[in-house]
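> Quick note, the sequence shown lines up with residues 1 to 221 if you use our numbering.
Just so you know, these hints were derived from the structure itself, not from any lab.
Incorrect hints may have been included.
Unchecked claim - Pair by pair, the computed Cβ-Cβ distance ranges are: (1) Gly13 x Gly56: 37 to 43 angstroms; (2) Asp159 x Leu203: 42 to 48 angstroms; (3) Leu212 x Pro168: 41 to 47 angstroms.
As the list claims (entries may be wrong) - Calculated pairs, EDC-like style, for lysine to aspartate or glutamate (alpha carbon to alpha carbon, straight line, at most 16 angstroms): (4) Lys41 x Asp91; (5) Lys74 x Glu64; (6) Lys93 x Glu118; (7) Lys207 x Asp182; (8) Lys51 x Asp196; (9) Lys51 x Asp136.
For every residue, glycine included, the Cβ atom is placed at its ideal position computed from N, Cα and C.
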Amino acid sequence: MGRALLVASDKGGVGKSTTATNLASYLVNNSRTVIILKTDKNNDILSWNEKRKQNGLLPVPVYEEYGDVSEVIKRLKKICEVLIIDCPGHDSKEFRSALTVADILLTLVKPSSDFEAETLTHVTGKVRTAQQINPDLQPWVLFTRINTTKPRHRKAAIDLDKLLRENPVWIQPLRTRISDLDIFEAACNEGAGVHDVRRASSLSTAKAQIELLAQELGINP
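Make a model of the complete structure from these sequences and hints.
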């Protein structure tokens, strides 16, 4: 039985699909069997997968399902080691049903945005409700799109991290953070993840962040 990782965000522009595909790329390049379940109605994942096939990269099966996705998740977990569910974080049937059967929730936030605390309030409420049905669900917050050259970005991440850790009611933040590196988007535009790329600026940093993320989530090879 594989582990189901639900990757969600209540807002766009935080790198949800980019993170999901980079994790998938890392895992398949290390001989893990991975499936992506697309429950978000944008076509980013399908476009990525089509380019991946065209470029002859290691395959990552992508399934689509909408509405109540709980039964599909339970079925797909039986045929892979890691099931990555790409899901919108807004109040949808897909998100609520996925929460009831997922093993891990990864909700992405951009700390430099002024609205992240409000967003996390909504997501935390949904998660705590789901944990009454699925008490083994492990929820985490991932800080993304951090520009380490900007003091404001660094301070925003420190402040939000402190706020969340002060109260265990909040979903807790991971130690790993994802920087705002061009290589993440550039790789995805070619149907790849950073672990499919041989040379690029900041490549070693990008790879290390994805590897640390997988390790912290407990899905590393």
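> Run every hint past the structure and note whether it holds.
Hint-by-hint comparison with the structure:
no.: 1; hint: Gly13 x Gly56: 37 to 43 angstroms; verdict: violated, 30 angstroms
no.: 2; hint: Asp159 x Leu203: 42 to 48 angstroms; verdict: violated, 30 angstroms
no.: 3; hint: Leu212 x Pro168: 41 to 47 angstroms; verdict: violated, 23 angstroms
no.: 4; hint: Lys41 x Asp91; verdict: holds, 14 angstroms
no.: 5; hint: Lys74 x Glu64; verdict: holds, 14 angstroms
no.: 6; hint: Lys93 x Glu118; verdict: violated, 21 angstroms
no.: 7; hint: Lys207 x Asp182; verdict: holds, 13 angstroms
no.: 8; hint: Lys51 x Asp196; verdict: holds, 13 angstroms
no.: 9; hint: Lys51 x Asp136; verdict: violated, 36 angstroms
Hint compliance for this structure: hints 1, 2, 3, 6, 9 are not met, and every other hint is.
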